[in-house]
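Asker: Listed here are the chains, written in short residue letters.
There are 2 protein chains.
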Amino acid sequence: MDQRLPRKPTISDVARWAGISTATVSRALATPEKVTACTRAIVLEAVRKIGYVPNLAARNLRTNKTRTILAVLPDFSNVFFSRILRGISDTLVARGYSLIIADTRNDPAREAQYAEFILAGRVDGILLLNGRSILTRRQGRAAVPTVSLCERIPNARFPHIETENRESARMMTAYLVSLGHKNIGYVRGPITNVLEHERFAGYKDALLHSRLQYNPALITSGDFTLESGEAAAEAYLSKPKLPDAIFACNDEMAMGLIRGLSAAGVTVPCDVSIAGFDDIEFAEAYNPPITTVRQARRQIGERAAELLLQLIDGDLPAEREIKLAAELVIRKSTVSARTS
Amino acid sequence: MDQRLPRKPTISDVARWAGISTATVSRALATPEKVTACTRAIVLEAVRKIGYVPNLAARNLRTNKTRTILAVLPDFSNVFFSRILRGISDTLVARGYSLIIADTRNDPAREAQYAEFILAGRVDGILLLNGRSILTRRQGRAAVPTVSLCERIPNARFPHIETENRESARMMTAYLVSLGHKNIGYVRGPITNVLEHERFAGYKDALLHSRLQYNPALITSGDFTLESGEAAAEAYLSKPKLPDAIFACNDEMAMGLIRGLSAAGVTVPCDVSIAGFDDIEFAEAYNPPITTVRQARRQIGERAAELLLQLIDGDLPAEREIKLAAELVIRKSTVSARTS
DNA sequence: TTGAAAGCGCTAACAG
DNA sequence: CTGTTAGCGCTTTCAA
Chain A
259 MDQRLPRKPT
269 ISDVARWAGI
279 STATVSRALA
289 TPEKVTACTR
299 AIVLEAVRKI
309 GYVPNLAARN
319 LRTNKTRTIL
329 AVLPDFSNVF
339 FSRILRGISD
349 TLVARGYSLI
359 IADTRNDPAR
369 EAQYAEFILA
379 GRVDGILLLN
389 GRSILTRRQG
399 RAAVPTVSLC
409 ERIPNARFPH
419 IETENRESAR
429 MMTAYLVSLG
439 HKNIGYVRGP
449 ITNVLEHERF
459 AGYKDALLHS
469 RLQYNPALIT
479 SGDFTLESGE
489 AAAEAYLSKP
499 KLPDAIFACN
509 DEMAMGLIRG
519 LSAAGVTVPC
529 DVSIAGFDDI
539 EFAEAYNPPI
549 TTVRQARRQI
559 GERAAELLLQ
569 LIDGDLPAER
579 EIKLAAELVI
589 RKSTVSARTS
Chain B
259 MDQRLPRKPT
269 ISDVARWAGI
279 STATVSRALA
289 TPEKVTACTR
299 AIVLEAVRKI
309 GYVPNLAARN
319 LRTNKTRTIL
329 AVLPDFSNVF
339 FSRILRGISD
349 TLVARGYSLI
359 IADTRNDPAR
369 EAQYAEFILA
379 GRVDGILLLN
389 GRSILTRRQG
399 RAAVPTVSLC
409 ERIPNARFPH
419 IETENRESAR
429 MMTAYLVSLG
439 HKNIGYVRGP
449 ITNVLEHERF
459 AGYKDALLHS
469 RLQYNPALIT
479 SGDFTLESGE
489 AAAEAYLSKP
499 KLPDAIFACN
509 DEMAMGLIRG
519 LSAAGVTVPC
529 DVSIAGFDDI
539 EFAEAYNPPI
549 TTVRQARRQI
559 GERAAELLLQ
569 LIDGDLPAER
579 EIKLAAELVI
589 RKSTVSARTS
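Respectively, the protein sequence lines represent chains A and B. Numbering-wise (our numbering), the first sequence opens with residue 259 and increments by one. Numbering-wise (our numbering), the second sequence opens with residue 259 and increments by one.
Note that these hints are calculated values from the structure, not bench results. Careful, some of the hints might be misleading.
Straight-line C-alpha distance at most 30 Å; calculated DSSO-like pairs for lysine-lysine [to be verified]:
#: 1; chain 1: A; residue 1: Lys462; chain 2: A; residue 2: Lys590
#: 2; chain 1: B; residue 1: Lys462; chain 2: B; residue 2: Lys499
#: 3; chain 1: B; residue 1: Lys323; chain 2: B; residue 2: Lys292
#: 4; chain 1: A; residue 1: Lys307; chain 2: A; residue 2: Lys440
#: 5; chain 1: A; residue 1: Lys323; chain 2: B; residue 2: Lys266
#: 6; chain 1: A; residue 1: Lys499; chain 2: B; residue 2: Lys292
#: 7; chain 1: B; residue 1: Lys497; chain 2: A; residue 2: Lys590
#: 8; chain 1: B; residue 1: Lys307; chain 2: A; residue 2: Lys323
#: 9; chain 1: A; residue 1: Lys307; chain 2: B; residue 2: Lys323
Given the structure is predicted, the values throughout are model-derived calculations rather than measurements.
When you get a sec, could you build the whole thing from the sequences and use the hints?
Answerer: Pasting the structure below:
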């Protein structure tokens, strides 16, 4: 019945309706304080009446901004990132920005695709959660504001946010000691990984501080996957004696450890206490629930987004590197040593 | 040392360099077939030399398109969605589109925010994974191409993609029967939920087909959370006799079931077999690994994205509703009935 | 096949 | 405080 072609109202429709200039409408909307309360009211009324919504493409072209941020992840099916992304997303959306997520899988082809995207001026800023830059040195000249988080990027000078990995690992190990455990194992992540490096250091800090002997026989290695945790379990089982407790560099490996041990009839935590790191979604859901280190993930995302927005607004941030404290979460996978 | 201010090269820089008009450059890039091989080569050379990358905002303004799609999720920290998103993302990126993810948490305020976003012309299409529309009826007049997936939207006529829920649930139940189980329990999802409805129907189909009596005493209810699965375990434990097997409407509840049962000394699968639905990331990681129904999640995402792109291109899709088959994944949480 | 020119919708000088 | 005006970078008639 309504045959008018529904062309979208533009700013000049609003101006016409309100009997003023487009410039004033634009100001009333973007910088209300530069306009009398009266005009503002009229404009708002007109906007509502006509159903006007600004065309972002036009605004972007004009202002040479996009109000869009790109977050680069190595793997967004990794549950670890979801809460961080929420922090990012909420902060950004509250400030009128939108977020595009690049799931690169560390695949150079995909990275190049997104690099192109950045160069095309489609984003105002970049959040790097993947531990490396995706722009080549030459492309980097374009200098899009960038913040890295979680995993530090070697040889890069981006502002950076991460958890206090070393200190947290120390705390967890100290907690295991406080439970009365003497022989505390550790499952390493990939030895080239920055996080593994920090956490392993924290583990050793705690041993030193407790005057416990660092014993290489208690150390195994994995690659952050559950399977590698299971392999580590096998490795421990093949040794003459099981540790009292084992601290895995991340939760997936802790889960693998539990599963591998259970399969061999060793029960957790009765026979051996297990702890992880990250508090991923399923750490609590696991059977048994896993004692772990909870990173302030949401907060990491929020802070990183805020920092990036500051950068975009041209304010240089006070600190270029922020370390956020984490929290121990004690669950059933750890228990006091038998006082036999 | 390089003091030239790095203004981004525009199409007219390319034109000047190549000694031709901007129109021809534009054509050489967008519709190469409308230009001689020779000019094309020159243009490409110029583009490379100058490092030209088209400004998308300008293109969008001119063409009134954005090459951006919005995916609306109720909760993107829900691992179930990650693989679907991958299918979507890969398909879209391959076609030169980018993806924005709206994490609404079913919060009307957030939904409104994104509705505004859509209306502002920032997206060419919408993918609804949240089981409801986020545009009001009136806003809907704007008619942005839309496809729904996973959860059907009541009273909406969007093209839709989902898993054959009913048939899959029937298969799983039949499998449990084939294992020799007679008393097969079922943990329901929220009774108003479409998925629960279908799966419950499939469960009953299988019983009927196997001439097993449908027994209300074997049915409990939950809300898809792990905690509700634990509560269901309690409910079963308080009954005079445990079922031989229990089929939960999703994996989280299956996990809760296992944990609740284990805590009471009932071992899975020895004492009772447990099956779930979805094959979320951690179904395999669980202790024990969970027998479940694996939806073709990546494919669901791909098909939905393709369908949406068709819609955007103005091709009406052949089918408005696609049901994809799922697959049974047998793991250690189910085992044959003791042939005592 | 190519070029000239208009204009997408908006914002930001600048002038009043 | 408000209006006039130019133009962001691109695509797309229209004419040559």
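Asker: Would you pick out the hints that fail for this structure and give their numbers low to high?
Answerer: 4, 6
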